[in-house]
Amino acid sequence: MVPHTAYHNSQQALKMNGAFIKLTPEDFQNLLNRNEGLAVVTTSTTFFGTTFTYVTSHKGLIFYCKTKSQLAVSNKHETILAQSIALPVM
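The sequence shown begins at 1 in my numbering and counts up by one.
Rather than coming from a laboratory, the hints here were simulated on the basis of the structure. Any given hint could be a false lead.
Stated by the list, open to error - Cross-link-like lysine-lysine pairs, in silico, BS3-like; alpha carbons within 30 Å at most:
| # | residue 1 | residue 2 |
| --- | --- | --- |
| 1 | Lys66 | Lys76 |
| 2 | Lys22 | Lys76 |
| 3 | Lys68 | Lys22 |
| 4 | Lys22 | Lys66 |
| 5 | Lys59 | Lys76 |
| 6 | Lys59 | Lys22 |
Kindly produce the complete structure, drawing on both the sequences and the hints.
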């Protein structure tokens, strides 16, 4: 049985519109390094090891990456620590 919260989050993710662009951790880090003032949402999950998820928006597009190691998010960006991030299943 899927907990209500997880089910609700998955349904919300299905309703999302727009392009979600998956980047390699290196490309996501480069995006952060080339820009200033981005809001970067991050969370970590521990299921067979820790996985970090990062999401940001730039020029109307939503970029995300998943990685086993933390990225260096500089203080020139706003970092938002989330309990979870719901991404659409593609």
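For each hint, the structure was consulted:
With a C-alpha separation of about 21 Å, the suggested pairing of Lys66 with Lys76 holds against the 30 Å cut-off. About 22 Å separates the Cα atoms of Lys22 and Lys76, which keeps this hinted pair within 30 Å; it holds. Our distance criterion of 30 Å between C-alpha atoms is met by Lys68 and Lys22, whose separation comes to about 15 Å. Pair hint Lys22 plus Lys66 holds up; C-alpha atoms about 8 Å apart against a cutoff of 30 Å.
Between the alpha carbons of Lys59 and Lys76 the distance comes to roughly 17 Å, so the proposed pair stays at or under 30 Å and holds. Simply put, Lys59 and Lys22 have alpha-carbon atoms about 15 Å apart, close enough for the 30 Å limit, and the pair holds.
Violation of the numbered hints given earlier is absent; every hint is satisfied by the structure.
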